[in-house]
Each structure stands twice: as C-alpha cells, then as structure tokens.
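Student: Kindly produce the complete structure, drawing on both the sequences and the hints.
For the sequence shown, position 114 (counting from the first letter as 1) is numbered 1066 according to the working numbering, and the numbering increases by one without interruption.
No wet-lab data here; the hints were simulated from the structure.
Among the hints, erroneous ones may be present.
[Said to hold, decoys possible] Derived CB-CB ranges, DEER-like: (1) Phe1097 to Glu962: 32 to 38 Å; (2) Ile1048 to Thr955: 51 to 57 Å; (3) Phe961 to Gly1098: 32 to 38 Å; (4) Glu954 to Leu1051: 44 to 50 Å; (5) Thr1074 to Leu1051: 22 to 28 Å; (6) Arg1047 to Gly1076: 21 to 27 Å; (7) Leu1040 to Glu959: 43 to 49 Å; (8) Gly1089 to Leu965: 27 to 33 Å; (9) Gly1098 to His984: 15 to 21 Å; (10) Leu957 to Gly1098: 54 to 60 Å.
Note that CB positions come from ideal geometry on N, CA and C, so glycine has one too.
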Amino acid sequence: METWLAEVFEPALKLLAAVIVGALVGINRDLHGKPAGLRLCALVALGSGLITVITNEPRLGFADPSSVSRAIQGIVGGIGFLGAGVILHQSAGSRIRNLTTAATIWMSAALGIACGLGAWRTGGVAAILALIVLSLGARIDRALFGRFAGEDDLGPDNV
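Tutor: So, in structure tokens, the structure goes:
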C-alpha cells in the first residue's frame, strides 16, 4: 500500500506544481488583458509536466535519459508552434504583436518541464523571475527606453 501511494503521490505532486506555476503566469496575463491566460498557461504547464513525468517513469520503459531529453525537445518544438500561432503581424507600421504572450506560453512549458523533473528550486526561482518580468517589464521598458524611442516603438501593442 505504501509503495502504491508513493508511486501516485510523487507524480501527482509534480503535476499539481506544474498547474500552479502555469496558472500563476496565466493569471498575470489575464490581469493585463492579454491572450493566453490562466487556462492556457496552466494546461501547457500540465501537459509539459505530464510528458516529462511519463518519460521519466522506469515502469513504462522510458527511464533512459535520452528519452527524457527527446521528450523535452518535442515539447519545446511543439510549444514553439503554439506560440507562433498567437503572434500577429500588422502590415501597417510593421508592428508585431503578442511576442510576450508567445514567450509566456513557452515559459509555461519550461516551468511544467521543471516541475515534471522535480527540479523544485529551479522551477520556483524561474516562476518568480517570470512573474517579475511580466509584472514590471513593460514599466522598465518605458522608463529606460521611452526617452529614446518614439511612441510608435513602445506603444502598448509591442509589450
């Protein structure tokens, strides 16, 4: 009974952590009225964490380190396509929108991978840093570069 509980508890904890960090990043996007909010970021982190947990499971025959590495490569590549789908190019003024949203989706996947691997400290630090960048990044951009760039360069669409 103890073995079964341990086998269920550890992966469940990893997946729960992935959902939590993904949701935190997504909540930040929702609060700023950006696409890719809580549900998307939490699901991307959960899916990435799940694939990582499964490929790291010896009972399923995937415990070879190269299988974990290949799974992570697949996640990163696949999420890149998802992120590319949210990037919009407007021909008027050559503006590109939602780059931060695309990076947020990619970061959610990376956080899910970290949780799936059980890299708690690294994942926690990365989640905190991501939230700091998302919360303060636009203000810092405007403060530092607002003097040197025109309004077209640093409008709200480019953040």
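Student: Kindly confirm whether 44 to 50 Å is satisfied by the beta carbon distance between Glu954 and Leu1051.
Tutor: 48 Å, holds
Student: In this structure, is the beta-carbon distance linking Arg1047 and Gly1076 contained in 21 to 27 Å?
Tutor: 35 Å, violated
Student: Should the hint that Leu957 and Gly1098 are 54 to 60 Å apart at their CB atoms be regarded as holding?
Tutor: Holds, since Leu957 and Gly1098 (Cβ atoms, about 56 Å apart) stay within the stated range.
Student: Between the beta carbons of Ile1048 and Thr955, is the distance compatible with 51 to 57 Å?
Tutor: Check passed, 52 Å falls within 51 to 57 Å.
Student: Measuring from beta carbon to beta carbon, are Gly1089 and Leu965 in 27 to 33 Å?
Tutor: For Gly1089 and Leu965 the Cβ distance comes to about 31 Å; the hint holds.
Student: Do the Cβ positions of Leu1040 and Glu959 conform to the proposed distance bound of 43 to 49 Å?
Tutor: Cβ of Leu1040 to Cβ of Glu959: about 45 Å, so the range 43 to 49 Å holds.
Student: Range first: 15 to 21 Å. Now tell me if the beta carbons of Gly1098 and His984 are that far apart.
Tutor: Distance hint for Gly1098, His984 holds at roughly 18 Å.
Student: Go ahead and decide if the range 22 to 28 Å is satisfied by the Cβ distance of Thr1074 to Leu1051.
Tutor: About 25 Å separates the Cβ atoms of Thr1074 and Leu1051, which means 22 to 28 Å holds.
Student: Taking 32 to 38 Å as the stated bounds, is the beta-carbon spacing between Phe961 and Gly1098 within them?
Tutor: 50 Å, violated
Student: How does the Cβ-Cβ distance of Phe1097 and Glu962 compare with 32 to 38 Å: does it lie in that range?
Tutor: 45 Å, violated
When each numbered hint is compared with the structure, violations occur for hints 1, 3, 6.
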